[in-house]
Amino acid sequence: MPGKTPEKAELRFGEKSWELPVLKGSAGDIALDIRSLRKQSGMVVFDPGLANTACCASRICFVDGEKGRLFYRGYPVEYLVENHEFVEVAYLLVHSRLPDPDERLRFSKLLNRHSLIHEDMQHFFRNYPEGAHPMAILSAMVVSLSTFYPELEASAEEEIDVTVTRLLSKLRTIAAFSYKKSVGEAFVYPSHRLKYCENLLNMMFSSPVVDYQLDPVVVRTLDRVLTLHADHGQNCSTTTMRTVGSAGANLYASVAAAICALWGDLHGGANQAVVDMLERIAADGGNVERAVEDAKSGDRSRRLMGFGHRVYKAYDPRARIAKKLYHDLARHLELDDPLHEIAVRLEEKALTDPYFTERGLYPNVDFYTGLIFRAIGVPRDMFTVMFALGRLPGWIAHWLEQYSSTERRIVRPRQLYVGPDPRPHRTSPS
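To convert, note that position 396 of the sequence shown is 381 in my numbering; the numbers rise steadily by one, no gaps.
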């Protein structure tokens, strides 16, 4: 929990004033504790979008937007990407520590054990209409898991591991099946011989007649991209998950709600928007210069997708990593994609243009991850599904943190009412 400081902030309104406690976390912003503000003053805080509101205290993730740094449980994301697999990072987020070899082995065995979904759930897949969006299927199937599998009812580490690995593993299978359903192909079952990302790629791209040839570079790239997405503080989907969870909803329902939030164009859909933008530039003859000049016009419909970030004032640390991953992958695959050349030129142009550099509009993680997914062969409407797979450990960690908190309260914000005054009306005769 944050610590109170000796300092107090004073709020004045007319002739009255109120003191507000000042709270400090272990890093980052200083907070004003306004929990008693309405009771004392009759006033509330107006903060649309909650950009200035700390809705919880958390030990999971620290985003340093000023310096362009990101930490999971105190570890820099650069260190984790370079030295640990996604499964280990998931364990870290859930348990606050990296696994030792025995814990890693046990966690991996649980992932394999729980990778299958109940056979009856296949009826759900078969009844979705042709062309159903994979995110719609994903969210519906996740909430359906609660009808087949028990809720978390204990806080013992063994019970938590079973619940966590069940969701981590089954969501991967559901994601792959959602893709297969969207393209009308037969489902491919998970294999106990394959690791987490290997299994995902195999279930997506193998078929009963053609085996998918796993490329270690592709597998490792995907693993690292999932780690880059594993958590990012109180973003829209995580806050949605906490809000739903605060009502006492189970883990499956809370994650399903987070998936729906991630589906929004302003959140998880950004990497798809990058590829859409690059295709528009390609249709315009690859005129990168025109795209850059159009972006300066102030017309939001012409802005460069994948540049700038609401939190980061410096270069997004995930983008630095994703940039290298993408260029290394492109060289390895000897990528022959017209969008690749346009993306490289657009990146170079924006990074040397004062309009973008002076405003801190650097390429963000979405600029590169969409290109990575495209290079791997992931179709566009699956981009956000891949994002959800990466973010799942963070969602679970936040749900568990809230679930175990002694200060858990249902989220119930106030509003500033701007509607009509009470209107005269006649009571209907009895």
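Some hints here could point you the wrong way.
Once the Cα atoms are required to be at most 27 Å apart in a straight line, the calculated DSS-like pairs of lysine-lysine come out as [as the list claims (entries may be wrong)]:
no.	residue 1	residue 2
1	165	94
2	-7	24
3	180	94
4	-7	9
5	165	334
6	180	309
7	334	308
8	9	281
9	308	298
10	24	9
11	165	180
12	24	52
13	94	298
14	308	52
15	281	52
16	308	180
17	309	298
18	1	52
19	298	281
20	281	334
21	-7	165
Hint data in this document are derived by calculation from the structure and do not stem from the laboratory. Since the model is a prediction, treat every value here as computed from it, not as a measurement.
So, going through the hints one by one against the coordinates:
| no. | hint | result |
| --- | --- | --- |
| 1 | 165 - 94 | holds (25 Å) |
| 2 | -7 - 24 | holds (18 Å) |
| 3 | 180 - 94 | holds (10 Å) |
| 4 | -7 - 9 | holds (12 Å) |
| 5 | 165 - 334 | violated (38 Å) |
| 6 | 180 - 309 | holds (24 Å) |
| 7 | 334 - 308 | holds (15 Å) |
| 8 | 9 - 281 | violated (39 Å) |
| 9 | 308 - 298 | holds (18 Å) |
| 10 | 24 - 9 | holds (23 Å) |
| 11 | 165 - 180 | holds (20 Å) |
| 12 | 24 - 52 | violated (37 Å) |
| 13 | 94 - 298 | violated (41 Å) |
| 14 | 308 - 52 | holds (18 Å) |
| 15 | 281 - 52 | holds (25 Å) |
| 16 | 308 - 180 | holds (25 Å) |
| 17 | 309 - 298 | holds (21 Å) |
| 18 | 1 - 52 | violated (39 Å) |
| 19 | 298 - 281 | holds (19 Å) |
| 20 | 281 - 334 | holds (13 Å) |
| 21 | -7 - 165 | violated (58 Å) |
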